[in-house]
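**Student:** Residue strings, one per chain:
There are 2 protein chains.
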Amino acid sequence: MQSFDLDRTDVSKIKGALAGSDEQLKAILEEYHASEIAILFESLTSDDRQRIINLLSVEIASEVISEMHEESHPEELLLQMHPDKRTEIVEELDYDDATDIISQLEEHEQKEILEDLSEDDASSIRNLLSYDEETAGGLMNTEFIRINLNLTKKDAIDEIIRQSEEIEEFYTIFVINDDNVFQGIVSLKDIIKAKGNAKITELVKAEVAWVYPDTDQEEVARLISQYNITSIPVLDTDMRLLGRVTFDDVIDVLQEENTEDMLKISGVSEDEELSGNWVEAVKSRLPWLVLNLGTAFLASGVVRHFGPTIEKIAVLSAYMTIIAGMGGNAATQALAVTVRRISLYDLTDNQAYRTVLKEFTVGAINGAVTGLIVFLFALFFDSNPLLGLVIFLAMTGNLLIAGITGAGIPLILKRVGIDPAIASSIIITTFTDVFGFLLLLGLASKLLL
Amino acid sequence: MQSFDLDRTDVSKIKGALAGSDEQLKAILEEYHASEIAILFESLTSDDRQRIINLLSVEIASEVISEMHEESHPEELLLQMHPDKRTEIVEELDYDDATDIISQLEEHEQKEILEDLSEDDASSIRNLLSYDEETAGGLMNTEFIRINLNLTKKDAIDEIIRQSEEIEEFYTIFVINDDNVFQGIVSLKDIIKAKGNAKITELVKAEVAWVYPDTDQEEVARLISQYNITSIPVLDTDMRLLGRVTFDDVIDVLQEENTEDMLKISGVSEDEELSGNWVEAVKSRLPWLVLNLGTAFLASGVVRHFGPTIEKIAVLSAYMTIIAGMGGNAATQALAVTVRRISLYDLTDNQAYRTVLKEFTVGAINGAVTGLIVFLFALFFDSNPLLGLVIFLAMTGNLLIAGITGAGIPLILKRVGIDPAIASSIIITTFTDVFGFLLLLGLASKLLL
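One line per chain: the protein sequences are A and B, in this order.
Residue 8 in full-length UniProt numbering sits at position 8 of the first sequence; the count goes up by one each step and never skips.
Residue 202 in full-length UniProt numbering sits at position 202 of the second sequence; the count goes up by one each step and never skips.
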């Protein structure tokens, strides 16, 4: 479909070449882009990765390492490398990428890598390591193009060319004054188009979005996506320029946050690595299952309380599973829509209120329709219209509760400052289980005995 | 936190200004960025939006309209506008944005808008309307900077400046030959840095990713994210340049696809609008609930089959809810992790096999641990070690099945070319309900009666 697309053939090709000489392997590797080698690495052993990295130029090797997924542990590859090669590669990496990788190591390992670097590089990375990983500071790159407000067109172009020797990619040119205070941005296009005697001060665009280093990464992503900008400046409280966060980091953040939300509402800890092994998965999920067991005992306590009723009308236990299952699924539907809506939009109080009202209505209608189906079933199969009525009422009531809790609980959590995705299906289905059984068995005790 | 941040104050401010004169309102509006007005529109009535749009310059008005969320229906705003103003605004819009908005209208309404446009604009938009919305063709913009391979540095810069009069934002300069065949990309920075007599042919970077107009939008997003590029060229089968898709479109695609996945695995139709009304929500969810009802009858049939057993040991119905609830939640966990993993990575057959094996192991361990807790509970509360054993076995077996189906079903669906997120919790919990009851009640019949 496009020029680069990896498949199993590529993996076998590399694996085949690994059996041959270094020269042959090198020739094959030249056919691939660094980001492709990073993907192929996922299918290779640690020793093979090491051999390949050592064959690549420092430029390509550092690009491969920066493109490797966090889950493929580029930091381990770095750690096992010869210290000289490692230092070359780390110095070639952008500061933000180097920081991301080094931050995954133990403190003594970090120290080992940093002390081989130049004082300048080491202190820049040390500085970035001090920011929380999930903030603008943790995402930002401290290498960017900055020019003084008072430069003329010609001097500005010279300065940009000079600075761009060090910086591979830039999307935005930041403008500062003599005190290093941020003044705005300017595009290379506008500089080139300007008249010969133009000054940057005439070209600068001052009204731009910016963030502080402690701004949450979700907010950074929201701003970049809202204003369609390739990079956003990070400023300190004196409005001095500390760094920039670029759109490609934001794409990664969005994928990460979306993964977190999806796992959380499904009752999986947000830090479970998708490709982690079973030990990590057990550690991440067992606590939630134990919590679920606790809530299940609660629901089961309700059933136990109505034991005598069930002994008399055993068929109730067949309907119990229907009421609980339907309630759980209706609640999961309301939960998914609401959590997703909260994460994409800022809801006003009025919108939040209307959301709950909407889910209440949806629950009532869906409950009544499916309740009616079960009523008819009970009428024909169990020839018991009163039992049908009890089931109809329990179904409608339980889907009402599903709607209110599925929408209401994440909205309340958001309001009090807790991540709404924590309102996982495990929490929400407790309500529908308990209320569903209470309604069905309570009504049955009153009306059928 | 940053220069632009909207809150309730802004909404009240605009609403207050709407009560005053046009001049006052205009003055207040000038304080806001177009994308902020687009957000504020969400809290305003259709009449107020119309009044504001008419007060704004054509440039700002078209930006507001292009920034409005699909769910706020910019096409309705456009339709209700005075035709002259509308034509001005549509001509100011980028072709891809105009196409997105117009595509939401009925055919006769589309015609009404298009026939007022210049022949050139109308045919460009008509052409874009012909592509599927969820492909590169549907996302691409046909306005971009293209220069001939044979230009010299000076002519290239002149050409770029000339073309950029029409194109507000550009990130990449595309290079073509005399036959309009795509040759690669070049950066403005490299052109400026080149020697005076350099030709574009010496500067062009030929190895770049590209797509066809019918490439799926998810693939486009994956490539832009993999290669960290601001835009990707769209080529026809003769390698001629048709357009470009930019990173900001890709951010929107990712958010959309993530919403779809989250809704689907929760049993909500992917086309339910998050802020839709209750009618849409009922239409989207009721069919899934009815499907769930069908599967619930299946599970309930199992319970009914074991009616005599339950009549003798009524406490079994209390444990049934625990086994079914735990199985459902464990399956949802495995499902979320697997669906997310499939959507982020391409899994090889071997990786898919190991994923199922991992979930089997996780299910066995989590089942045994939680089964043991329930065993102890049964021992102390019901003083019945044999009942405890039955429950322990049913729990372990059901969580094993939860792991295998939660991971296996989406992987099989992916393999046969069906969207794995369709394997919603509704489908998966059918397995855990049916097998959970079969195990618990079947074992109880054999061992306890």
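Honestly, the hints are just simulated from the structure, not real lab data.
Each hint should be verified, as a subset may be incorrect.
[To be verified] With a Cα cut of at most 25 Å, we get these calculated SDA-like pairs of lysine to any residue:
1. B:414 to A:157
2. B:189 to A:415
3. A:189 to B:58
4. B:414 to A:207
5. B:283 to A:368
6. A:154 to B:142
7. A:193 to B:142
8. B:154 to A:192
9. B:312 to A:154
10. B:154 to B:121
11. B:154 to A:157
12. A:414 to B:199
13. A:283 to B:283
14. A:189 to B:192
15. A:189 to B:177
16. A:153 to A:207
17. B:15 to B:42
18. B:199 to A:16
19. A:312 to A:291
20. B:414 to A:40
21. A:15 to B:344
22. B:446 to B:419
23. B:199 to A:192
24. B:193 to A:196
25. B:13 to A:222
26. B:205 to A:167
27. A:153 to B:199
[To be verified] Just a few of them, taken from the derived set where beta-carbon distance is under 10 Å, the chain B residues facing chain A:
28. 42
29. 46
30. 258
31. 259
32. 261
33. 295
34. 338
35. 339
36. 341
37. 362
38. 367
39. 379
40. 380
We put the CB at the ideal spot given by N, CA and C, even for glycine.
**Student:** All hints are to be evaluated individually against the structure, with a verdict given for each.
**Tutor:** Now for the hints, and whether the structure bears them out:
{"no.": "1", "hint": "B:414 to A:157", "result": "violated, 51 Å"}
{"no.": "2", "hint": "B:189 to A:415", "result": "violated, 47 Å"}
{"no.": "3", "hint": "A:189 to B:58", "result": "holds, 23 Å"}
{"no.": "4", "hint": "B:414 to A:207", "result": "violated, 47 Å"}
{"no.": "5", "hint": "B:283 to A:368", "result": "holds, 14 Å"}
{"no.": "6", "hint": "A:154 to B:142", "result": "violated, 33 Å"}
{"no.": "7", "hint": "A:193 to B:142", "result": "holds, 23 Å"}
{"no.": "8", "hint": "B:154 to A:192", "result": "holds, 12 Å"}
{"no.": "9", "hint": "B:312 to A:154", "result": "violated, 94 Å"}
{"no.": "10", "hint": "B:154 to B:121", "result": "violated, 31 Å"}
{"no.": "11", "hint": "B:154 to A:157", "result": "holds, 15 Å"}
{"no.": "12", "hint": "A:414 to B:199", "result": "violated, 57 Å"}
{"no.": "13", "hint": "A:283 to B:283", "result": "violated, 39 Å"}
{"no.": "14", "hint": "A:189 to B:192", "result": "holds, 11 Å"}
{"no.": "15", "hint": "A:189 to B:177", "result": "holds, 23 Å"}
{"no.": "16", "hint": "A:153 to A:207", "result": "holds, 21 Å"}
{"no.": "17", "hint": "B:15 to B:42", "result": "holds, 12 Å"}
{"no.": "18", "hint": "B:199 to A:16", "result": "violated, 41 Å"}
{"no.": "19", "hint": "A:312 to A:291", "result": "violated, 32 Å"}
{"no.": "20", "hint": "B:414 to A:40", "result": "holds, 21 Å"}
{"no.": "21", "hint": "A:15 to B:344", "result": "holds, 24 Å"}
{"no.": "22", "hint": "B:446 to B:419", "result": "violated, 41 Å"}
{"no.": "23", "hint": "B:199 to A:192", "result": "holds, 18 Å"}
{"no.": "24", "hint": "B:193 to A:196", "result": "holds, 18 Å"}
{"no.": "25", "hint": "B:13 to A:222", "result": "holds, 23 Å"}
{"no.": "26", "hint": "B:205 to A:167", "result": "holds, 17 Å"}
{"no.": "27", "hint": "A:153 to B:199", "result": "holds, 23 Å"}
{"no.": "28", "hint": "42", "result": "holds, 8 Å"}
{"no.": "29", "hint": "46", "result": "violated, 17 Å"}
{"no.": "30", "hint": "258", "result": "holds, 4 Å"}
{"no.": "31", "hint": "259", "result": "holds, 5 Å"}
{"no.": "32", "hint": "261", "result": "holds, 7 Å"}
{"no.": "33", "hint": "295", "result": "holds, 8 Å"}
{"no.": "34", "hint": "338", "result": "holds, 9 Å"}
{"no.": "35", "hint": "339", "result": "holds, 8 Å"}
{"no.": "36", "hint": "341", "result": "holds, 4 Å"}
{"no.": "37", "hint": "362", "result": "holds, 5 Å"}
{"no.": "38", "hint": "367", "result": "holds, 9 Å"}
{"no.": "39", "hint": "379", "result": "violated, 14 Å"}
{"no.": "40", "hint": "380", "result": "violated, 12 Å"}
Taken one by one, the earlier hints fail for this structure at numbers 1, 2, 4, 6, 9, 10, 12, 13, 18, 19, 22, 29, 39 and 40, listed in ascending order.
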